[in-house]
Amino acid sequence: MANKIDIKEFVPSEAPPRYSARDFDGDVDPKRDDFDEGLTLPDINTTPMFINIGPTHPATHGTFRVYAQLDGETVEKAGVDVGYLHRGFEKIVEIKQYNQIIPYTDRLNYCSGLTNNVAFCKAVERMMGIEVPPRTIAIRVIIMEIQRIMDHMICCGTNIVDIGALTNFWYFYNARDKLNDVLEALTGARLTYTYTRVGGLAWDLPDGWRENVKAAIKEIPSAIKDVRGLVAKNRIFQDRTRGVGQISGENAINFGWTGPCLRASGVDLDLRKVRPYYGYEDLEFDIPIGSNGDVYDRIIVRIEEMHESLKIIHQMIDRVPDGPINVDDKRVTLPPKQKVHTSMEALINHFKLVIDGVQPPPGRIYDATETPNGELGFYIISDGSGHPYRIKVRPPCFYTMNALKFLVEGGMVADIVAILGGLNVIAGELDR
Amino acid sequence: MATQETPKHDALVAELKNRFGAKILDVDRSYDDCTLIVDKAGIHDVLAFLKNEHRFDLLLDIAGVDCMNLPKFRERFEVVYMLYSIGDDVRVRLEVPISELDLDVPTATDLWKSANWAEREAFEMFGFNFVGHPCLKRLLTHHEFVGHPLRKDYPIMGGQWCATTSDMTEELNEPR
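From first to last, the protein sequence lines stand for chains A and B.
Remember, the numbering used here sits 57 above the position in the first sequence when you count from 1.
Remember, the numbering used here sits 119 above the position in the second sequence when you count from 1.
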């Protein structure tokens, strides 16, 4: 990271004499050239300048504020302010039933809503001792990996746009739009899906969905290849990202980092490998690990992860078993309509489940899932009623954002934008 | 159902009980998790011991809990630390009962940098005073906000009108 830049480097030695209005009043020699005296930026800017970046700045992709003290273009100190999108998720869920909370989880990381749905349902199901049917597990794995690809596409695409390369964004968005169509066919929504339920899914796969997925993911490798080809060996891109926002693995762990940002710093930690859930232990995929922990590595790790997610989808898409999608457990699943109209027990069960909701036994649980950004954890306290007593979300980007001050100080102003994009901070998840 | 983690938990609980004695108030092993209820007076020592001797290098989260409406509780509040050891692949949770009359909690920012924002959030949501924290200011809520919104006696619809820009000199001058 260059802290002080010698202006001489940018002024050719044969530079023509510079003139300004000042030079012509009085007896100043018009041929005087201050730049020959070896001035550096710190000599010119004697007082620090304070600037605000955000809260509504196009490059923040959300609402955060960075208050920076500059010396020339170098960030001497920075303060980070968050909370502009705080909606009180943890407060409002205390009066909601468990299934009513699922739409709220969509709005945490809104780039990959389905992953949050699954993560939340997984936590509640573990609390109730429910094992979801194999068909549900297979579908959940597929939609989570589709979402991982989509999330990484947004992150890498917008990050590269912020650095100044717009084309890559469209290459990714063409492919991403196909995936969005697939998910729209499945869930009816393109952003806030609310597809899972405690104990299963909202509805089964539509006809021909698996063929649609296969067709949609066919175009992704070429999109990744295009983007990678444009940026990976690009001199301008490398200059903007290599060595920028560098953090060691040890420091990253100390800051509480998880997910691709931590893996870019060389730490091999992926919950899908370390503590596999949903049969990830039987799937063949690799975990890309970076080495430098800079913006470049974070982008490349994400791009490589897309290939791995594609592998998982290819393996799972033909292996979706037949069977029910909801667990046969009267505590969580509504009885079939036929039975509700013919049997008194089913009718009461239906009423109780709609009015009281899902009721996990009293207790506490912390359950973590590997989302595109890292470990998303739900700490749930149940008092045995239909409403959670307390839910604490552990959002992965809360902790990556905590390190932003550490990353930007000593770098250039323009690097703030590159670093922010590489961290993939999603305001909805950060502020809750 | 025992998991791979269970023997590691057993050893850890035995060692902590041996070393800290009465500071470990209770142990909860439900859902194959390992939860230690630790007295406030010993929490910093336990955290430092876990970090330095047992490689619990990742402080995942700090959660506050207002136990007011729970059927059974020790004190009104609780601070919950989620720890994870990447090397050993062990998770552990520490619950610290905090009296309503004494909201001071020793900070963990000297051990983990991730505690910085986590403690600021717990401070604004519940009002804990993390002693030794470098910049204990409101983080997610506005600086004009009054009260601690995640306490059970704070109304769900208790929105407040806050408008002025906050001064960020303190965050700016916080050590890197």
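Be aware that a few hints might be false.
To give a feel for the contact side, a few chain A residues facing chain B, derived at Cβ under 7 angstroms [stated by the list, open to error]:
no.: 1; residue: Y124
no.: 2; residue: D138
no.: 3; residue: G140
no.: 4; residue: L142
no.: 5; residue: H143
no.: 6; residue: R144
no.: 7; residue: G336
no.: 8; residue: Y423
no.: 9; residue: Y436
no.: 10; residue: F463
no.: 11; residue: E466
Below, a list of computed lysine-lysine pairs in the DSBU-like style, where the Cα atoms sit at most 35 angstroms apart [to be verified]:
no.: 12; chain 1: B; residue 1: K127; chain 2: A; residue 2: K396
no.: 13; chain 1: B; residue 1: K170; chain 2: A; residue 2: K148
no.: 14; chain 1: B; residue 1: K256; chain 2: A; residue 2: K153
no.: 15; chain 1: B; residue 1: K142; chain 2: B; residue 2: K191
no.: 16; chain 1: A; residue 1: K330; chain 2: B; residue 2: K136
no.: 17; chain 1: B; residue 1: K159; chain 2: B; residue 2: K142
no.: 18; chain 1: A; residue 1: K394; chain 2: A; residue 2: K409
no.: 19; chain 1: B; residue 1: K191; chain 2: A; residue 2: K290
no.: 20; chain 1: B; residue 1: K191; chain 2: A; residue 2: K409
no.: 21; chain 1: B; residue 1: K159; chain 2: A; residue 2: K387
no.: 22; chain 1: A; residue 1: K330; chain 2: A; residue 2: K282
no.: 23; chain 1: A; residue 1: K330; chain 2: B; residue 2: K127
no.: 24; chain 1: A; residue 1: K153; chain 2: B; residue 2: K191
no.: 25; chain 1: A; residue 1: K409; chain 2: B; residue 2: K271
no.: 26; chain 1: B; residue 1: K256; chain 2: A; residue 2: K387
no.: 27; chain 1: B; residue 1: K159; chain 2: A; residue 2: K148
no.: 28; chain 1: A; residue 1: K368; chain 2: B; residue 2: K159
no.: 29; chain 1: A; residue 1: K330; chain 2: A; residue 2: K148
no.: 30; chain 1: B; residue 1: K271; chain 2: B; residue 2: K256
no.: 31; chain 1: A; residue 1: K235; chain 2: A; residue 2: K275
Because the hints were derived from the structure by calculation, they are not lab data.
For clarity, every value in this text was computed on a predicted model and none was experimentally measured.
Using N, Cα and C, we set each Cβ at its ideal position, and we do this for glycine too.
Consistency of the hints with the structure:
no., hint, result
1, Y124, "holds, 4 angstroms"
2, D138, "holds, 6 angstroms"
3, G140, "holds, 4 angstroms"
4, L142, "violated, 9 angstroms"
5, H143, "holds, 4 angstroms"
6, R144, "violated, 10 angstroms"
7, G336, "violated, 16 angstroms"
8, Y423, "holds, 6 angstroms"
9, Y436, "holds, 5 angstroms"
10, F463, "holds, 6 angstroms"
11, E466, "holds, 5 angstroms"
12, B:K127 <-> A:K396, "violated, 48 angstroms"
13, B:K170 <-> A:K148, "holds, 32 angstroms"
14, B:K256 <-> A:K153, "holds, 30 angstroms"
15, B:K142 <-> B:K191, "holds, 20 angstroms"
16, A:K330 <-> B:K136, "holds, 32 angstroms"
17, B:K159 <-> B:K142, "holds, 8 angstroms"
18, A:K394 <-> A:K409, "holds, 15 angstroms"
19, B:K191 <-> A:K290, "violated, 61 angstroms"
20, B:K191 <-> A:K409, "holds, 26 angstroms"
21, B:K159 <-> A:K387, "violated, 42 angstroms"
22, A:K330 <-> A:K282, "holds, 26 angstroms"
23, A:K330 <-> B:K127, "holds, 19 angstroms"
24, A:K153 <-> B:K191, "holds, 22 angstroms"
25, A:K409 <-> B:K271, "holds, 26 angstroms"
26, B:K256 <-> A:K387, "violated, 47 angstroms"
27, B:K159 <-> A:K148, "holds, 26 angstroms"
28, A:K368 <-> B:K159, "violated, 48 angstroms"
29, A:K330 <-> A:K148, "holds, 33 angstroms"
30, B:K271 <-> B:K256, "holds, 21 angstroms"
31, A:K235 <-> A:K275, "holds, 10 angstroms"
When each numbered hint is compared with the structure, violations occur for hints 4, 6, 7, 12, 19, 21, 26, 28.
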